[in-house]
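Please model the entire structure based on the sequences and the hints provided.
Protein chains in written order, with the numbering used here: chain A, 1 to 399; chain B, 1 to 397.
Worth flagging that the hints you see were computed from the coordinates, not collected in a lab. Some hints here could point you the wrong way.
[Stated by the list, open to error] Simulated crosslink set (DMTMM-like; lysine to aspartate or glutamate; CA at most 25 angstroms straight-line):
no., chain 1, residue 1, chain 2, residue 2
1, A, K174, B, E19
2, A, K30, B, E82
3, B, K32, A, E101
4, B, K32, A, D99
5, A, K272, B, D276
6, B, K65, A, D295
7, B, K64, A, D62
8, A, K198, A, D95
9, B, K64, A, D95
10, A, K54, B, E61
11, B, K64, A, E58
12, B, K269, A, D27
13, A, K16, B, D52
14, B, K104, A, D13
15, A, K16, B, E209
16, A, K16, B, E265
17, B, K38, A, D99
18, A, K31, B, E82
19, B, K33, A, E101
20, B, K32, A, E340
21, B, K269, A, D13
22, A, K272, B, E19
23, B, K104, A, D35
24, B, K266, A, D13
25, A, K81, B, D321
26, B, K65, A, D62
27, A, K16, B, E61
28, A, K84, A, E238
29, A, K272, B, D128
30, A, K272, B, E209
31, A, K30, B, E175
32, A, K31, B, E265
33, A, K16, A, D123
34, B, K104, A, D27
35, A, K81, B, E35
36, B, K34, A, E101
37, A, K320, A, E340
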Amino acid sequence: MANEKNFSVCYSDKLKRLPPYLFGAIDILKKAAYDKKLDVIDLGMGNPDLSTPKHIIERLCDTLGNHPRSHRYPQAKGMPKFRKTVAQWCKNRFDIELDPENEVLALIGSKEGIAHLCMAYLDSGDIALAPNPAYPVHFNGILLAGGTVYDLPLLPENNYLPDLGKIPEEIAIKAKLMFLNYPNNPTTAVVDNLDFFKEVVSFAKKYNIIVCHDNAYSELCFDDYNAPSFLQVPGAKEIGIEFFSFSKTYNMAGWRLGFVVGNAEILRPLEKLKSYLDYGVFTAIQLAGVCALKDSQECVKETVKIYQKRRDIMVKGLNKLGWQVKNPKATMYLWVALPEKYKHLSSLQFAELLIEKTGIAVAPGAGFGTYGDAYVRIALITHNNRFHDALLRLKKFLK
Amino acid sequence: MLQKETKEKLNFSYARRLEQLPGYLFVEIDRKKKELIKQGVDIINLGIGDPDQPTFPHIVEAMKKALGNSQYHHYPMGTGLEQFRQVSACWYKERFGVEINFAKEIYTLIGSKEGIGHFPLAFINPGDVVLIPEPAYPVYTSSTIFAGGTPYYLPLLEKNNFLPDFSSIPQAIREKAKLLFLNYPNNPTAAVADKRFFEEVVRFADKNEIIVVHDAAYSEIYFEEEKPLSFLEVEGAKEVGVEFHSLSKTYNMTGWRIGFVVGNEKLIKGLSRIKDNLDSGVFDCIQVAGMSALEESQEAVEKIRQLYKRRRDVLVEGLIDLGWQVKMPQATFYVWTKVPDGSSSAQCATKLLEEAGIICTPGKGFGPSGEGYVRFALTVEEDRLKQSLDRISKVSF
Ligand SMILES: Cc1ncc(COP(=O)(O)O)c(C=O)c1O
Ligand SMILES: Cc1ncc(COP(=O)(O)O)c(C=O)c1O
Numbered sequence: 001m002a003n004e005k006n007f008s009v010c011y012s013d014k015l016k017r018l019p020p021y022l023f024g025a026i027d028i029l030k031k032a033a034y035d036k037k038l039d040v041i042d043l044g045m046g047n048p049d050l051s052t053p054k055h056i057i058e059r060l061c062d063t064l065g066n067h068p069r070s071h072r073y074p075q076a077k078g079m080p081k082f083r084k085t086v087a088q089w090c091k092n093r094f095d096i097e098l099d100p101e102n103e104v105l106a107l108i109g110s111k112e113g114i115a116h117l118c119m120a121y122l123d124s125g126d127i128a129l130a131p132n133p134a135y136p137v138h139f140n141g142i143l144l145a146g147g148t149v150y151d152l153p154l155l156p157e158n159n160y161l162p163d164l165g166k167i168p169e170e171i172a173i174k175a176k177l178m179f180l181n182y183p184n185n186p187t188t189a190v191v192d193n194l195d196f197f198k199e200v201v202s203f204a205k206k207y208n209i210i211v212c213h214d215n216a217y218s219e220l221c222f223d224d225y226n227a228p229s230f231l232q233v234p235g236a237k238e239i240g241i242e243f244f245s246f247s248k249t250y251n252m253a254g255w256r257l258g259f260v261v262g263n264a265e266i267l268r269p270l271e272k273l274k275s276y277l278d279y280g281v282f283t284a285i286q287l288a289g290v291c292a293l294k295d296s297q298e299c300v301k302e303t304v305k306i307y308q309k310r311r312d313i314m315v316k317g318l319n320k321l322g323w324q325v326k327n328p329k330a331t332m333y334l335w336v337a338l339p340e341k342y343k344h345l346s347s348l349q350f351a352e353l354l355i356e357k358t359g360i361a362v363a364p365g366a367g368f369g370t371y372g373d374a375y376v377r378i379a380l381i382t383h384n385n386r387f388h389d390a391l392l393r394l395k396k397f398l399k
Numbered sequence: 001m002l003q004k005e006t007k008e009k010l011n012f013s014y015a016r017r018l019e020q021l022p023g024y025l026f027v028e029i030d031r032k033k034k035e036l037i038k039q040g041v042d043i044i045n046l047g048i049g050d051p052d053q054p055t056f057p058h059i060v061e062a063m064k065k066a067l068g069n070s071q072y073h074h075y076p077m078g079t080g081l082e083q084f085r086q087v088s089a090c091w092y093k094e095r096f097g098v099e100i101n102f103a104k105e106i107y108t109l110i111g112s113k114e115g116i117g118h119f120p121l122a123f124i125n126p127g128d129v130v131l132i133p134e135p136a137y138p139v140y141t142s143s144t145i146f147a148g149g150t151p152y153y154l155p156l157l158e159k160n161n162f163l164p165d166f167s168s169i170p171q172a173i174r175e176k177a178k179l180l181f182l183n184y185p186n187n188p189t190a191a192v193a194d195k196r197f198f199e200e201v202v203r204f205a206d207k208n209e210i211i212v213v214h215d216a217a218y219s220e221i222y223f224e225e226e227k228p229l230s231f232l233e234v235e236g237a238k239e240v241g242v243e244f245h246s247l248s249k250t251y252n253m254t255g256w257r258i259g260f261v262v263g264n265e266k267l268i269k270g271l272s273r274i275k276d277n278l279d280s281g282v283f284d285c286i287q288v289a290g291m292s293a294l295e296e297s298q299e300a301v302e303k304i305r306q307l308y309k310r311r312r313d314v315l316v317e318g319l320i321d322l323g324w325q326v327k328m329p330q331a332t333f334y335v336w337t338k339v340p341d342g343s344s345s346a347q348c349a350t351k352l353l354e355e356a357g358i359i360c361t362p363g364k365g366f367g368p369s370g371e372g373y374v375r376f377a378l379t380v381e382e383d384r385l386k387q388s389l390d391r392i393s394k395v396s397f
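Next comes the structure, spelled out in structure tokens:
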């Protein structure tokens with residue numbers, strides 16, 4: 001009797017507000033292609049294919065084997081040694097001063113930090129400013145917290161920087177948070193100097209807005225470019241925080257380690273919220289992170305070299321095929337407008353067509369927001385010699 | 001001047017969900033403890049539920065080996081490795097006799113705390129009522145508040161064997177209730193639930209359309225022939241609920257952050273959609289270590305049970321000798337005892353801390369019905385427990 005009745009499960013409004021997961025459509029096609037035993041070249045995901053440097057792995061093994069205290073619940077905000085090392089790294093890398101006690105927080109990857117920060121600040125109806133296109137957690141984090149997203153369009157004519165002057169006064173007054181991300185995913189845009197960040201600081205101060213700068217790609221810079229920290233701008237620490245990740249820099253995406261630094265007042269509720277939701281990062285992994293930041297950074301140079309080589313192959317190759325693409329100064333992506341011939345398609349339609357015809361998976365720009373719909377994102381993530389293969393297939397496709 | 005101006009202008013007001021939280025009890029105790037440690041007092045910490053023994057060596061070895069596979073260095077799948085889910089489902093079948101479809105009815109967690117903490121976000125709207133036992137692990141309340149829900153507390157009383165009394169819940173509350181938290185073996189009362197109780201839970205949930213969330217973090221820390229049950233062993237349970245499991249206590253893996261949730265497919269799907277936007281799952285190497293924990297010989301777990309059992313006997317018998325009113329717990333590594341002199345739980349805890357250098361947890365921190373009790377955790381060596389008894393005997397209650 002009890003079993004006959006259909007117990008109904010109803011999802012919360014927060015969950016229902018999330019936009020459909022566009023990459024899901026690509027995943028399905030990818031799976032279909034794999035099932036048909038097709039040779040798929042997956043340039044869709046931002047999942048580094050390289051391995052974590054050996055010395056970092058060795059440090060983890062050493063901690064696990066020799067320091068059983070590391071097996072117990074960690075210190076949720078990060079162990080003092082981790083926070084000190086982060087502060088020192090920021091000092092060396094950007095010449096910014098941080099108090100390790102109050103201005104550094106360890107994260108289980110920067111993703112959770114970004115999402116939980118939204119929960120710490122946003123009530124239902126609160127406005128937060130997010131770039132469009134963007135790393136999806138920037139807008140979905142806002143939505144899950146019950147907040148309202150106000151789009152900051154990233155347009156090529158503006159070098160993919162938001163035009164702060166276009167934000168209506170009443171929105172600026174109401175907005176509580178603003179997300180930014182340079183080097184940018186997905187557009188690969190960078191800031192050439194601190195001018196834009198300075199503008200952001202005075203805007204944020206004027207309107208009492210917390211700035212969250214996502215610097216996940218700070219170390220994946222090519223040629224002579226060196227990405228700055230938002231906190232290098234005088235006054236930035238009064239209104240802002242900055243997220244960093246080990247995922248890309250040290251090929252540690254799987255390890256789930258990141259950190260956020262900046263204004264202590266801003267970080268406090270995040271730490272508090274997290275203390276009710278998790279127990280922090282495995283101590284042994286924090287110590288591996290300490291090793292990553294402290295030891296030689298040769299491994300980072302190696303990683304950058306590999307991405308740069310892939311970038312060169314692909315940018316040159318695509319341009320030769322007549323598919324115009326700019327040379328990115330950072331990140332591990334190419335952001336390319338749909339080819340002339342396919343301009344009438346949506347980015348999802350194009351991505352679907354591409355995988356069907358060529359077995360190449362890319363990320364449809366619409367997955368990052370409406371302003372991404374005329375683009376696809378190509379991740380420079382597969383074995384080096386697969387890129388030539390991809391170009392051959394594209395040559396046929398574009399003919 | 002400038003600073004004042006900025007201070008006035010920049011007001012980083014927190015989300016309401018943070019303002020509504022009750023104080024976090026472990027943080028408070030930590031602060032006091034730190035103070036005393038600074039003064040050089042030798043503290044015996046019976047306050048925190050963190051096993052003192054290292055993770056079993058074969059698990060550590062499995063992790064080290066997994067690190068050699070660079071496939072495992074990449075972003076994990078949110079839901080967890082297929083093999084991890086398979087192994088967990090097998091473990092579940094073996095331990096509880098319940099079939100779990102590893103493709104749909106199981107999801108890997110960064111420890112059960114985050115799973116429990118995020119679960120209500122998928123189902124609770126502002127105004128929905130969540131039924132929460134008290135005294136209880138504080139995360140049921142905080143996760144309810146984070147999702148905008150309203151807690152309705154179900155007292156766990158000794159006269160009811162620390163099981164909630166559903167018949168006392170008013171009809172109006174039943175109608176608004178969307179979710180019910182339960183936790184057996186229970187933290188902090190150390191109570192266990194029998195099959196009849198779980199059957200009642202299923203009937204109650206089914207009739208009132210309430211989602212059941214059973215937290216089974218201590219399912220493997222037991223001392224009797226009869227092992228603690230899984231909620232899902234009861235007919236119809238999988239239609240109404242999920243159960244959270246943790247590798248933390250069973251395998252001394254609290255630091256590793258790994259657990260899983262099993263049960264109703266749609267409920268798990270809801271949680272997964274939330275988590276897709278919040279995190280990227282558990283490090284694959286840790287999942288491989290978790291597989292080794294669940295799949296290989298469980299002898300080390302039996303040893304751990306024996307260890308806690310010896311400690312339990314020492315502490316409980318000792319306390320009884322000192323005139324405390326305390327029952328032998330059948331599960332968990334906690335001892336839940338009445339305060340000897342009828343004073344408040346906070347007074348007792350403060351007295352033990354100041355006069356004996358012992359940290360325990362005042363029962364009231366787990367909820368109003370915890371008043372008059374304190375909780376001791378059996379997470380220190382036997383001789384430290386003996387030492388504790390010695391010190392307690394000198395405290396005048
Ligand atoms: C802009 C941006 N921020 C954050 C992240 C998440 O990184 P983590 O692995 O530290 O969670 C990514 C990952 O793709 C990203 O592209
Ligand atoms: C009842 C209860 N549930 C869940 C947990 C969390 O365990 P985990 O380490 O899996 O997050 C604890 C930890 O103390 C607990 O006591």
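Against the structure, the hints come out as follows:
no. : hint              : in the structure
1   : A/K174 <-> B/E19  : holds (20 angstroms)
2   : A/K30 <-> B/E82   : holds (18 angstroms)
3   : B/K32 <-> A/E101  : holds (19 angstroms)
4   : B/K32 <-> A/D99   : holds (24 angstroms)
5   : A/K272 <-> B/D276 : holds (22 angstroms)
6   : B/K65 <-> A/D295  : holds (23 angstroms)
7   : B/K64 <-> A/D62   : holds (9 angstroms)
8   : A/K198 <-> A/D95  : holds (17 angstroms)
9   : B/K64 <-> A/D95   : violated (36 angstroms)
10  : A/K54 <-> B/E61   : holds (17 angstroms)
11  : B/K64 <-> A/E58   : holds (9 angstroms)
12  : B/K269 <-> A/D27  : holds (17 angstroms)
13  : A/K16 <-> B/D52   : violated (43 angstroms)
14  : B/K104 <-> A/D13  : holds (23 angstroms)
15  : A/K16 <-> B/E209  : holds (20 angstroms)
16  : A/K16 <-> B/E265  : holds (18 angstroms)
17  : B/K38 <-> A/D99   : holds (22 angstroms)
18  : A/K31 <-> B/E82   : holds (16 angstroms)
19  : B/K33 <-> A/E101  : holds (19 angstroms)
20  : B/K32 <-> A/E340  : violated (68 angstroms)
21  : B/K269 <-> A/D13  : holds (15 angstroms)
22  : A/K272 <-> B/E19  : holds (11 angstroms)
23  : B/K104 <-> A/D35  : holds (20 angstroms)
24  : B/K266 <-> A/D13  : holds (16 angstroms)
25  : A/K81 <-> B/D321  : violated (45 angstroms)
26  : B/K65 <-> A/D62   : holds (13 angstroms)
27  : A/K16 <-> B/E61   : violated (43 angstroms)
28  : A/K84 <-> A/E238  : holds (21 angstroms)
29  : A/K272 <-> B/D128 : holds (24 angstroms)
30  : A/K272 <-> B/E209 : violated (33 angstroms)
31  : A/K30 <-> B/E175  : violated (45 angstroms)
32  : A/K31 <-> B/E265  : holds (22 angstroms)
33  : A/K16 <-> A/D123  : holds (17 angstroms)
34  : B/K104 <-> A/D27  : holds (18 angstroms)
35  : A/K81 <-> B/E35   : holds (21 angstroms)
36  : B/K34 <-> A/E101  : holds (16 angstroms)
37  : A/K320 <-> A/E340 : holds (14 angstroms)
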